[in-house]
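Whole structure, please, built from the sequences with the hints as guidance.
Chains as they are written, first to last, in full-length UniProt numbering: chain R, 1 to 361; chain C, 1 to 255.
FYI, nobody ran anything at the bench for these hints, they're computed from the structure.
Heads up, a few of these hints could be off.
[Unchecked claim] Some but not every residue of chain R turned toward chain C, in silico, with C-beta under 10 angstroms:
(1) 74
(2) 244
(3) 245
(4) 247
(5) 256
(6) 259
(7) 260
(8) 297
(9) 301
The beta carbon of each residue, even a glycine, is placed where N, CA and C say it ideally should be.
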Amino acid sequence: MGGGRADAARADGGRAARRPHLVSGVWTGVLVAGLAVALGVVCVVAISLGSVGVPLGATWRVIVAHVTGSGGADPLHDQVIWDIRTPRVLVAALVGAGLSAAGVALQALVRNPLADPYVLGVSSGASLGAVLVAALGAPALGGLGVTGAAFAAALVSVLLVYVLAQRGGRLLDSRLVLAGVAVGYLCQAATSYVQLQLDPSELQKLMFWLMGSVAGATWNDLRLPAAVIAACTLYLLAQARKLNALLAGDDAATSLGTPVRTLRITLLAIASLLTATAVSVVGGIGFIGLMVPHAARFVVGADHRRVLPVATLLGAVFLVVVDLATRTVDRPNELPVGVFTTAIGVPFFLWLLRRRTGGTA
Amino acid sequence: MRLDLSDVTATVDGTDIVTGVALTAEPGQFVGLIGPNGSGKSTLLRTVYRTLRPSTGVVSLDGDDLWRMRPRTAALRRAAVTQHGDPGGEFTVAEVVAMGRGPHQGLLDRESEADRAVIAESLERVGMDGRSDRLFATLSGGERQRVLLARALAQRAPLLVLDEPTNHLDVGAQLGLLDLVRSLGLTVVAALHDLDHAAAYCDHVVVLRDGRVQASGPPLEVLTPAFIAEVFGVRAHIGPHPLTGRPHIAVASPA
Numbered sequence: 001m002g003g004g005r006a007d008a009a010r011a012d013g014g015r016a017a018r019r020p021h022l023v024s025g026v027w028t029g030v031l032v033a034g035l036a037v038a039l040g041v042v043c044v045v046a047i048s049l050g051s052v053g054v055p056l057g058a059t060w061r062v063i064v065a066h067v068t069g070s071g072g073a074d075p076l077h078d079q080v081i082w083d084i085r086t087p088r089v090l091v092a093a094l095v096g097a098g099l100s101a102a103g104v105a106l107q108a109l110v111r112n113p114l115a116d117p118y119v120l121g122v123s124s125g126a127s128l129g130a131v132l133v134a135a136l137g138a139p140a141l142g143g144l145g146v147t148g149a150a151f152a153a154a155l156v157s158v159l160l161v162y163v164l165a166q167r168g169g170r171l172l173d174s175r176l177v178l179a180g181v182a183v184g185y186l187c188q189a190a191t192s193y194v195q196l197q198l199d200p201s202e203l204q205k206l207m208f209w210l211m212g213s214v215a216g217a218t219w220n221d222l223r224l225p226a227a228v229i230a231a232c233t234l235y236l237l238a239q240a241r242k243l244n245a246l247l248a249g250d251d252a253a254t255s256l257g258t259p260v261r262t263l264r265i266t267l268l269a270i271a272s273l274l275t276a277t278a279v280s281v282v283g284g285i286g287f288i289g290l291m292v293p294h295a296a297r298f299v300v301g302a303d304h305r306r307v308l309p310v311a312t313l314l315g316a317v318f319l320v321v322v323d324l325a326t327r328t329v330d331r332p333n334e335l336p337v338g339v340f341t342t343a344i345g346v347p348f349f350l351w352l353l354r355r356r357t358g359g360t361a
Numbered sequence: 001m002r003l004d005l006s007d008v009t010a011t012v013d014g015t016d017i018v019t020g021v022a023l024t025a026e027p028g029q030f031v032g033l034i035g036p037n038g039s040g041k042s043t044l045l046r047t048v049y050r051t052l053r054p055s056t057g058v059v060s061l062d063g064d065d066l067w068r069m070r071p072r073t074a075a076l077r078r079a080a081v082t083q084h085g086d087p088g089g090e091f092t093v094a095e096v097v098a099m100g101r102g103p104h105q106g107l108l109d110r111e112s113e114a115d116r117a118v119i120a121e122s123l124e125r126v127g128m129d130g131r132s133d134r135l136f137a138t139l140s141g142g143e144r145q146r147v148l149l150a151r152a153l154a155q156r157a158p159l160l161v162l163d164e165p166t167n168h169l170d171v172g173a174q175l176g177l178l179d180l181v182r183s184l185g186l187t188v189v190a191a192l193h194d195l196d197h198a199a200a201y202c203d204h205v206v207v208l209r210d211g212r213v214q215a216s217g218p219p220l221e222v223l224t225p226a227f228i229a230e231v232f233g234v235r236a237h238i239g240p241h242p243l244t245g246r247p248h249i250a251v252a253s254p255a
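Structure follows, in structure tokens:
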């Protein structure tokens, strides 16, 4: 390289913005720490607010009493806080975090910014499972409840997508997306058909689930799904460097030392398990898994070493706040979470989209 | 690092794209892989990236079977600048080059001082130092290619594989990139389109045609006008370059 060329190149570099992302360098650490603190704060606030208001101080004492195993909290507060609201808020945080991490992983896996955790037909599969239970009754499906049937059907639809998309064990991004969309439509059509056969009162109960809700979470229903979602999310958080490599294409990724074939299958399995678990617990909460990863990218750039932690925490904060809104905006009525994630998220997302300058999608 | 391909056959969807290829790159040699479009150059290189397992034959590095290594071990010994190897999106130059440190890092390792030093040094070697915060997408084609080369250099692997590295570059950037690669002192295997580049930069060339080795040897022994006419279907003339005095291959459409 001639010296003149290099000098010219450097002079040109001076014209460009010095900091390409809104947040970079040490500020990323500050952002992650800030989001973690924010998550703690919104969780406590969300637990204290509701149809029965409990002061923040009392809320904090109940949580501390349970976590440390000491007693002495007001029994009424204790029941509202610990048995009803805490599980609900924790589910919201976990599902928000998990769907965001799964969205990041799947967008990298299929190299398509329009991908989300539901791109592989998980959500439509789960809905079909849920309406089938309502239509046929639990005994016909081997005694599975709505949650179990939704989970099983979600996994079946993902397996179907995988079988359709692979060729000799190799996954192709475009086929994965197309197979996911096709299976999704198939399940939606079947769901609509079964819904028409349903009693209106049965349908009413299902609607809430179909639109997404974290209401009704209890400690007992929650332990296993919460553990699965948490474990899958932690796994995805550790894959940042490999996700970066995947974006460079299979040839570049393998020469960078990434076991592309096994990585794709593992990512697909983990993201699907996470999404199926989330959907079976809270229904189809859309938007988060698509938009939160992009919101994180707008702020910290494309590098997954920063996108993953930021998106995961942001998703958790977002869903806790949205759940709080669903039960406080129109008290005493509760609104479906899915409606709110979209109503709050879309304007925010569009604002981000418009204020961003330069670069590519 | 010595690269050996012996009797390599690579099959895509049931069709043999390359058949029984032998290729050796001695330590420090610059080996050019040339041949018309569709002759199997990129497919052959994919057996070295480990994206396509040879259906028969062995790819080995210093005698060790490349396909029996762990992916990370292979990446410590062989780096590549592939076609379409850019990650797209809003990666900065430093983030792209940092990917080359992956094979040196454990699952939970963060980027160390040492990693950052290697990234900075790699950027300096390709003349892109001081631009580490630029967005990759805003660079020119020549700059992007140099950044992807820096990513491969950050792997610190003794073998460098390049697939048509001068594609889409202007003439100055083409020569600059090849001069740079030549100056690195690594073992290099590069698929090249320009026969004159092959003659000027390679110690050894392997010519593929229809997936088979048509000829191999020192460039000026292999690339005779008659041979070029047979393989590429063009007229060729070899004479001293008017500026450098080196042998120069000029080509023209068939008469």
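Now the hints, each set against the structure:
no. : hint : in the structure
1   : 74   : 43 angstroms, violated
2   : 244  : 5 angstroms, holds
3   : 245  : 6 angstroms, holds
4   : 247  : 4 angstroms, holds
5   : 256  : 6 angstroms, holds
6   : 259  : 4 angstroms, holds
7   : 260  : 7 angstroms, holds
8   : 297  : 6 angstroms, holds
9   : 301  : 5 angstroms, holds
Going down the numbered hints, you'll see the structure goes against just number 1.
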